[in-house]
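Protein sequence lines, in the order shown, are assigned to chains F and A. When the letters of the first sequence are read in order and numbered with this note's numbering, they come out as residues 1 to 283. When the letters of the second sequence are read in order and numbered with this note's numbering, they come out as residues 1001 to 1142.
Derived by calculation from the structure, the hints in this document are not laboratory data. Keep in mind the model is a prediction, meaning the values are calculated, not measured. Take these hints with a grain of salt, some might be off.
Unchecked claim - Derived EDC-like pairs: lysine to aspartate or glutamate, alpha-carbon spacing no greater than 16 angstroms straight-line:
#1 A/Lys-1052 <-> A/Glu-1030
#2 F/Lys-48 <-> A/Glu-1006
#3 F/Lys-15 <-> F/Asp-255
#4 F/Lys-15 <-> F/Glu-251
#5 F/Lys-48 <-> A/Glu-1011
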Amino acid sequence: MASQRDIRRRIGAVKNIQQITRAFQFIAASRLRRAQESTLAARPYSEKIDEVLADLAAVLGADDHPLLAGRSGGKRLILLFTTDRGLAGPLNTNTIRFASRAIMDHPGDLSTITIGRKGRDAMRRARVPIEAHFAGFGDRPTFADILPLARLVTEDFLSGEYGQIDLLYTRFISTLAQRQVMEPLLPVKPAQDTEGIPGNQFIFEPNPALVLEQLLPRYVATRIYQAVLEAKASEESSRMVAMKNATENAEELIDDYTLAYNKVRQSNITREMIEIATGARAR
Amino acid sequence: MPLLLEIVTPERLAYSDQVDEVIVPGSEGELGILPHHAPLLAMLGVGELRIKKAATEESFAIAGGFVQVRPDKVVIMAEMADMAAEIDLERAHEARREAERVIETGFHEGADLVAARAALQQALLRIRVAERRHREGPRRRP
Chain F
1 MASQRDIRRR
11 IGAVKNIQQI
21 TRAFQFIAAS
31 RLRRAQESTL
41 AARPYSEKID
51 EVLADLAAVL
61 GADDHPLLAG
71 RSGGKRLILL
81 FTTDRGLAGP
91 LNTNTIRFAS
101 RAIMDHPGDL
111 STITIGRKGR
121 DAMRRARVPI
131 EAHFAGFGDR
141 PTFADILPLA
151 RLVTEDFLSG
161 EYGQIDLLYT
171 RFISTLAQRQ
181 VMEPLLPVKP
191 AQDTEGIPGN
201 QFIFEPNPAL
211 VLEQLLPRYV
221 ATRIYQAVLE
231 AKASEESSRM
241 VAMKNATENA
251 EELIDDYTLA
261 YNKVRQSNIT
271 REMIEIATGA
281 RAR
Chain A
1001 MPLLLEIVTP
1011 ERLAYSDQVD
1021 EVIVPGSEGE
1031 LGILPHHAPL
1041 LAMLGVGELR
1051 IKKAATEESF
1061 AIAGGFVQVR
1071 PDKVVIMAEM
1081 ADMAAEIDLE
1091 RAHEARREAE
1101 RVIETGFHEG
1111 ADLVAARAAL
1121 QQALLRIRVA
1131 ERRHREGPRR
1141 RP
């Protein structure tokens, strides 16, 4: 049986760990609040840009811009969003598993752009080609931060090397639920024009084709930005839950150790009493 | 009929209120929009957006994006939208100096000149919009 001192040391160690996990939990909680706010705040713009694109699509066809044109052939490119830091519960494992299934289901010429270190490491291990890697966009991703990525992806598509570009990220549903999703990014598929005033009643200034040309790159950037924000909120909520569980487990462990410690202490006292008693009688 | 104005940027909803008139820096020149305007979708330029509401006037520094006009609603989608009253003049001046420095020395250091030029343009716009407001204060219409 472990000595009293050993157990006390172990309790101390667990308490230290618990302090760290609890701190992580609170940090994640405050970051989650911020991430959730930015995700919500970004929604009006993205909804609006969808609507405008639908209006434009009502007067223009898929032939009017190369980013709209579907094409057969060409490689497939997946933008894989994972986290840079670990200790985020099952999030990255789930995302990577989802990604490998998506890759297995449609074998063929494929490449990835990884956003976040965990995804890059996994793709490297799996020997999936990585065209580019972006380190996660910090705690407060701004729209300007993701523009280089949007530009790269758009150019990749326009160069004709890729026929299809998909986003693979974790959508934030609630603190307890996040879901991995894969969504087509390019070619752009405008939504049906059902919102507001039909597109053909609009005056486009200077003209529809020019507006479309300005709009599409922004649409692509907005979609990527949304994915970054959703992934960020998912990361923080998953980390918060994981750290909360860890803190609770540590609490349980401390209780168990305290019990063991008391037992050992009690039996030591009993033993000493017996020794003293036998010593006294022997005299 | 009132006119609902919304200004959205990729990061946030910057403004949402009923207004009387809004003057927008379009790519082809300024557009004054009153209620009952015909449906319009136009590209934005870089400049100052002015909002007239009851007896007051507010302004925003706006760059890049679109304006969608419906008879009862105007939506501005811009990459940048700073309310004049909220612009930090000192920071704008600093951004301007920094951008000018990068443009001056950047040729040798291989800096991103396009980005620097855009930053300079934004800083100058912010300064212009904010300084006009400082001079005139929150304007009252006669």
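Taking the hints in turn, this is what the structure says about them:
With a CA separation close to 15 angstroms, the supplied pair A/Lys-1052 and A/Glu-1030 stays within the 16 angstroms bound. Restraint check for F/Lys-48 and A/Glu-1006: satisfied, since their Cα atoms lie roughly 11 angstroms apart, inside the 16 angstroms limit. The hinted pair formed by F/Lys-15 and F/Asp-255 meets the criterion: a straight-line CA distance of about 11 angstroms does not exceed 16 angstroms. Proximity of F/Lys-15 to F/Glu-251 is assessed by CA-CA distance (about 8 angstroms); at most 16 angstroms being required, the pair is judged to hold.
A distance of roughly 13 angstroms separates the Cα atoms of F/Lys-48 and A/Glu-1011; the hinted pair therefore holds under the 16 angstroms criterion.
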